[in-house]
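Engineer: Next come the chains, spelled out residue by residue.
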Amino acid sequence: MIRRFVALIFFAALAVASFCSPLAARAQETLRVCADPDYMPYSDRAREGFENKVAQAVAGYLGEKLSYTWFSMRNTPGGFHTSGGFDEFIHETLRSGKCDLVVDVPYSNQDLLTTQPYYVSSYVFVFDKAKGYDIESLDSPALRDLKIGFETETPPEEGLIMRGIRVGNVPFDVGGTQGQSPAVMLDALRNGRIQVAITWEPAVGYFLRNSTYSRLAIVPLPNSRQRGAPEQYIFPMSMGVRPGDTALQKRLNAVITTHQAQLVSILNGFGVKLYQPNFNPY
Amino acid sequence: MKVKRLWLWAVAICGCAFVLPSFARTDDLSSLSQDSNQWVLPSLNYANTRYSKLDQINTDNAKDLKVAWTMSTGALRGHEGQPLVVGDTLYFQSAYPNHVFAVDLDDYHTKWQYTPRQDEFAVAVACCDLVNRGVGYASGKIIEDALDGTIIALDAATGRVLWKAKNADPKLGQTVTSAPLIVHNKVIVGISGGEFGVRGSLTAYDLNTGKRVWRAYSMGPDSDVLIGPNFKGPRNAGINTWQGDEWKLGGGTTWGWYSYDPNLNLLYYGTGNPGTWNPSQRPGDNKWSMTIFARNPDTGQAVWGYQMTPHDAWDYDGVNEMILANLTMSPGDPTPALVHFDRNGFAYELDRRTGKLLLAKPYDPSVNWATGIGSDGRPVVNPKYMTKAGVNVKNICPAAMGNKDEQPASYDEQTGMFIVPTNHNCMDYQAFTVKYKAGFPYVGATLLMYAGPGGYRGAVIAWDPIKGQIVWSDHERFPAWSGVLSTAGGVAFYGTMDGWFKAVDAKTGALLYKFHVPSGVIGNPMTFMHGGKQYVAVLTGVGGWAAIGLAAGLNEPTAGLGAVNAAQDLKNYTNLGGTLMVFSL
Numbered sequence: 002m003i004r005r006f007v008a009l010i011f012f013a014a015l016a017v018a019s020f021c022s023p024l025a026a027r028a029q030e031t032l033r034v035c036a037d038p039d040y041m042p043y044s045d046r047a048r049e050g051f052e053n054k055v056a057q058a059v060a061g062y063l064g065e066k067l068s069y070t071w072f073s074m075r076n077t078p079g080g081f082h083t084s085g086g087f088d089e090f091i092h093e094t095l096r097s098g099k100c101d102l103v104v105d106v107p108y109s110n111q112d113l114l115t116t117q118p119y120y121v122s123s124y125v126f127v128f129d130k131a132k133g134y135d136i137e138s139l140d141s142p143a144l145r146d147l148k149i150g151f152e153t154e155t156p157p158e159e160g161l162i163m164r165g166i167r168v169g170n171v172p173f174d175v176g177g178t179q180g181q182s183p184a185v186m187l188d189a190l191r192n193g194r195i196q197v198a199i200t201w202e203p204a205v206g207y208f209l210r211n212s213t214y215s216r217l218a219i220v221p222l223p224n225s226r227q228r229g230a231p232e233q234y235i236f237p238m239s240m241g242v243r244p245g246d247t248a249l250q251k252r253l254n255a256v257i258t259t260h261q262a263q264l265v266s267i268l269n270g271f272g273v274k275l276y277q278p279n280f281n282p283y
Numbered sequence: 006m007k008v009k010r011l012w013l014w015a016v017a018i019c020g021c022a023f024v025l026p027s028f029a030r031t032d033d034l035s036s037l038s039q040d041s042n043q044w045v046l047p048s049l050n051y052a053n054t055r056y057s058k059l060d061q062i063n064t065d066n067a068k069d070l071k072v073a074w075t076m077s078t079g080a081l082r083g084h085e086g087q088p089l090v091v092g093d094t095l096y097f098q099s100a101y102p103n104h105v106f107a108v109d110l111d112d113y114h115t116k117w118q119y120t121p122r123q124d125e126f127a128v129a130v131a132c133c134d135l136v137n138r139g140v141g142y143a144s145g146k147i148i149e150d151a152l153d154g155t156i157i158a159l160d161a162a163t164g165r166v167l168w169k170a171k172n173a174d175p176k177l178g179q180t181v182t183s184a185p186l187i188v189h190n191k192v193i194v195g196i197s198g199g200e201f202g203v204r205g206s207l208t209a210y211d212l213n214t215g216k217r218v219w220r221a222y223s224m225g226p227d228s229d230v231l232i233g234p235n236f237k238g239p240r241n242a243g244i245n246t247w248q249g250d251e252w253k254l255g256g257g258t259t260w261g262w263y264s265y266d267p268n269l270n271l272l273y274y275g276t277g278n279p280g281t282w283n284p285s286q287r288p289g290d291n292k293w294s295m296t297i298f299a300r301n302p303d304t305g306q307a308v309w310g311y312q313m314t315p316h317d318a319w320d321y322d323g324v325n326e327m328i329l330a331n332l333t334m335s336p337g338d339p340t341p342a343l344v345h346f347d348r349n350g351f352a353y354e355l356d357r358r359t360g361k362l363l364l365a366k367p368y369d370p371s372v373n374w375a376t377g378i379g380s381d382g383r384p385v386v387n388p389k390y391m392t393k394a395g396v397n398v399k400n401i402c403p404a405a406m407g408n409k410d411e412q413p414a415s416y417d418e419q420t421g422m423f424i425v426p427t428n429h430n431c432m433d434y435q436a437f438t439v440k441y442k443a444g445f446p447y448v449g450a451t452l453l454m455y456a457g458p459g460g461y462r463g464a465v466i467a468w469d470p471i472k473g474q475i476v477w478s479d480h481e482r483f484p485a486w487s488g489v490l491s492t493a494g495g496v497a498f499y500g501t502m503d504g505w506f507k508a509v510d511a512k513t514g515a516l517l518y519k520f521h522v523p524s525g526v527i528g529n530p531m532t533f534m535h536g537g538k539q540y541v542a543v544l545t546g547v548g549g550w551a552a553i554g555l556a557a558g559l560n561e562p563t564a565g566l567g568a569v570n571a572a573q574d575l576k577n578y579t580n581l582g583g584t585l586m587v588f589s590l
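Chains as they are written, first to last, in the working numbering: chain A, 2 to 283; chain B, 6 to 590.
Treat the hints loosely; a few may be bogus.
Said to hold, decoys possible - Which stretches of chain A does chain B cover? Using the computed rule of at least three CB atoms under 8 angstroms from a CB of chain B, they are: (1) 108 to 118; (2) 151 to 164; (3) 174 to 184; (4) 233 to 241.
Claimed, not checked - Here are the simulated DSSO-like pairs of lysine-lysine, each with C-alpha atoms no more than 27 angstroms apart in a straight line: (5) B:Lys253 / B:Lys399; (6) B:Lys472 / B:Lys361; (7) A:Lys274 / B:Lys176; (8) B:Lys399 / B:Lys389; (9) B:Lys176 / B:Lys216; (10) A:Lys274 / A:Lys99; (11) B:Lys389 / B:Lys71; (12) A:Lys274 / B:Lys253; (13) B:Lys393 / B:Lys58; (14) B:Lys253 / B:Lys171; (15) B:Lys253 / A:Lys251; (16) A:Lys132 / B:Lys399; (17) B:Lys472 / B:Lys519; (18) A:Lys130 / B:Lys253; (19) B:Lys216 / B:Lys169.
Unchecked claim - Stretches of chain A that chain B covers, calculated by requiring three or more beta carbons in the stretch to come under 8 angstroms of a beta carbon on chain B: (20) 37 to 43; (21) 86 to 98; (22) 215 to 226.
Keep in mind that the hints were calculated from the coordinates and are not lab data.
For each residue, glycine too, the CB sits at the ideal point set by N, CA and C.
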């Protein structure tokens with residue numbers, strides 16, 4: 002008698018469990034993020050970067066857990082690389098299916114499927130406030146007399162070449178050198194190796210909060226047609242998923258629509274400055 | 006005693022007021038502009054014909070033209086636009102810093118001058134040199150559009166500031182370079198520049214108070230675009246030909262010329278390209294960029310709109326002038342028409358009552374991005390010349406500066422031909438694609454412009470609007486970036502970027518006279534009578550988009566991707582300057 006009763010309860014519990022289990026499985030979904038283990042202020046294994054904080058917030062809004070696949074977006078110093086860099090990162094992480102989300106990519110980049118933008122920032126001039134240089138754009142005459150530090154393979158490099166401003170400039174390859182901090186450009190300013198740095202503001206905003214760098218002025222580069230060819234220095238930034246993963250893209254768009262202000266305040270905490278006050282995504 | 010003297014002074018002053026040279030104080034600009042002795046509207050008349058009935062200078066005596074007088078404008082950089090002549094006074098506006106001068110035509114002294122205080126950030130964001138296309142005049146007021154977007158009304162007699170209005174914010178990348186048009190006591194003003202979040206618009210301010218009366222945006226919901234129930238066209242296309250909210254990315258700027266038909270009470274103008282340079286960010290037709298609009302000037306309400314280049318991928322702004330002419334396309338069938346030589350290389354001729362297309366044909370033989378305009382009004386794009394991300398498409402004609410930019414053509418009413426200053430450049434273009442170098446966004450794009458087939462970079466042509474054909478063509482070394490003036494004397498005038506002021510026979514294009522001026526010409530010649538003599542005046546001072554390297558002080562040859570080399574050798578022919586040149590017999 003009791004055995005039959007126990008069996009009944011057992012089967013009932015099993016039935017209930019199997020009925021509940023799909024829901025339980027959904028509640029345990031994980032947002033799988035592809036990120037760099039050593040690239041502050043963007044991301045690191047200790048999850049201290051702004052991509053990590055944004056990912057954490059997004060996972061929370063989605064009601065999911067968070068996991069990481071770590072791979073460097075940058076090349077090994079001194080190594081010979083054919084593709085390497087961001088392309089290799091995407092191939093090894095997102096494309097391989099090991100993870101599903103890259104937190105910070107330019108809007109409308111065609112290597113991934115991008116969400117609507119969640120912030121807009123700009124390349125900026127950085128220099129010692131006390132020097133009072135009159136710099137507003139790449140056409141400012143003051144630039145021709147200064148030693149300029151710039152990141153290679155970025156729009157400011159093209160802009161300098163177009164204008165014939167080349168002598169004495171110092172190239173940096175922070176985006177292509179594993180282990181190198183974007184702060185190296187700020188250090189070069191402090192020790193006088195360069196007098197102006199032109200860099201992507203979110204790369205250095207984090208370090209600029211440090212009092213070591215408090216004497217530095219930041220001036221955004223405006224988009225320009227001055228030379229006939231369009232020059233873009235202001236970029237809306239998005240999250241990116243695997244091409245074809247429209248389901249995740251839609252869910253992320255919904256998070257951005259609802260929580261953009263919170264995401265932006267995370268970025269502000271990292272010194273990321275937004276440069277398009279009127280930009281209004283969806 | 007004191008009071009008596011005061012009265013005497015008052016009477017004396019009042020008496021003087023009646024004796025001063027008349028300013029033709031009439032509100033009817035339409036009839037005032039029919040007086041060939043003066044030039045009271047930027048494009049001579051509301052129809053924008055730039056055809057003068059003056060004939061003292063003619064094909065026989067044009068060879069005897071000489072410089073009558075000159076004047077420095079006090080500014081370097083590109084001088085587009087033209088002076089006005091109202092009564093005995095000539096008014097003009099220089100390139101930035103936008104000095105306005107009132108010059109006495111008897112002895113050339115400056116009656117007054119005015120320089121606005123401006124937000125200097127406008128200089129950093131002005132895309133295509135610091136040009137200005139001229140002042141406006143109405144009812145004893147001179148209206149100035151300053152680069153930073155300030156609209157200023159000045160007393161034409163004294164230069165005193167009457168009111169100011171703000172039409173642009175340079176901090177958002179906006180500037181104003183166009184000449185204002187005054188219609189029915191409304192000052193019509195456009196806007197330039199701006200990427201990401203700046204929508205183009207056309208705005209009307211009250212001539213007497215400077216208060217905004219209406220503003221029509223170039224995209225957005227119908228309520229923003231001022232499209233109402235009387236509009237002949239699709240509803241809310243300013244939203245639903247874009248993806249999501251991307252219409253807010255802006256564009257459709259309005260920095261060209263404006264014309265007006267007093268009988269139909271319609272104002273005509275064109276809008277520029279969509280805001281973001283990256284076409285993949287904005288799938289769809291992107292209305293109402295690249296559109297010819299007809300609006301009621303009192304309310305701004307649109308009556309019709311015709312989009313010339315849907316989903317632009319070549320940067321062919323639609324802002325060029327709309328010339329109003331009556332064309333007899335077939336015998337016995339005169340049609341009130343609008344003729345527009347677009348950047349995209351096609352001459353569009355429309356019925357200006359309805360926007361119905363009468364004819365659309367290329368006005369430069371090298372146009373290849375589209376094989377024609379279909380019966381639905383849409384271009385038949387040649388897939389070979391469609392721009393693509395990541396692919397450097399070579400030899401697209403015309404280049405982004407188009408077969409004609411803002412430099413205005415003239416409708417020679419005597420011959421029935423349009424005399425059109427054109428560009429003849431082609432380009433290699435790799436469409437914008439946004440890439441990422443770990444932590445650093447960048448753009449893959451190429452834009453390289455060079456002379457088109459035949460090796461010349463410009464030509465002044467005569468265009469037969471009935472047949473849709475070129476009648477004659479005078480080649481130029483550089484893009485023909487000045488406007489054209491035609492006259493009843495059978496003489497047409499224009500200037501060249503390499504510094505020549507020219508007079509040609511309007512029937513044949515044969516050169517009658519030329520003079521080497523202090524700096525290349527991108528201004529528009531105008532003509533007037535004074536003291537029984539006919540004068541032709543033009544602002545010289547090279548610059549503008551076609552001469553960017555020169556104007557912005559580049560000393561080394563450009564190299565690398567994205568460089569524009571279409572005018573690298575310009576410095577061998579001319580230099581920066583700013584001089585008003587006035588010619589007569």
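Engineer: Does each hint fit the structure? Answer for all of them.
Structural biologist: Do the hints match the structure? See the list:
| no. | hint | result |
| --- | --- | --- |
| 1 | 108 to 118 | holds (count 6) |
| 2 | 151 to 164 | holds (count 8) |
| 3 | 174 to 184 | holds (count 4) |
| 4 | 233 to 241 | holds (count 5) |
| 5 | B:Lys253 / B:Lys399 | 32 angstroms, violated |
| 6 | B:Lys472 / B:Lys361 | 18 angstroms, holds |
| 7 | A:Lys274 / B:Lys176 | 16 angstroms, holds |
| 8 | B:Lys399 / B:Lys389 | 9 angstroms, holds |
| 9 | B:Lys176 / B:Lys216 | 22 angstroms, holds |
| 10 | A:Lys274 / A:Lys99 | 32 angstroms, violated |
| 11 | B:Lys389 / B:Lys71 | 50 angstroms, violated |
| 12 | A:Lys274 / B:Lys253 | 21 angstroms, holds |
| 13 | B:Lys393 / B:Lys58 | 49 angstroms, violated |
| 14 | B:Lys253 / B:Lys171 | 21 angstroms, holds |
| 15 | B:Lys253 / A:Lys251 | 20 angstroms, holds |
| 16 | A:Lys132 / B:Lys399 | 45 angstroms, violated |
| 17 | B:Lys472 / B:Lys519 | 31 angstroms, violated |
| 18 | A:Lys130 / B:Lys253 | 35 angstroms, violated |
| 19 | B:Lys216 / B:Lys169 | 9 angstroms, holds |
| 20 | 37 to 43 | holds (count 3) |
| 21 | 86 to 98 | holds (count 3) |
| 22 | 215 to 226 | holds (count 4) |
Hint compliance for this structure: hints 5, 10, 11, 13, 16, 17 and 18 are not met, and every other hint is.
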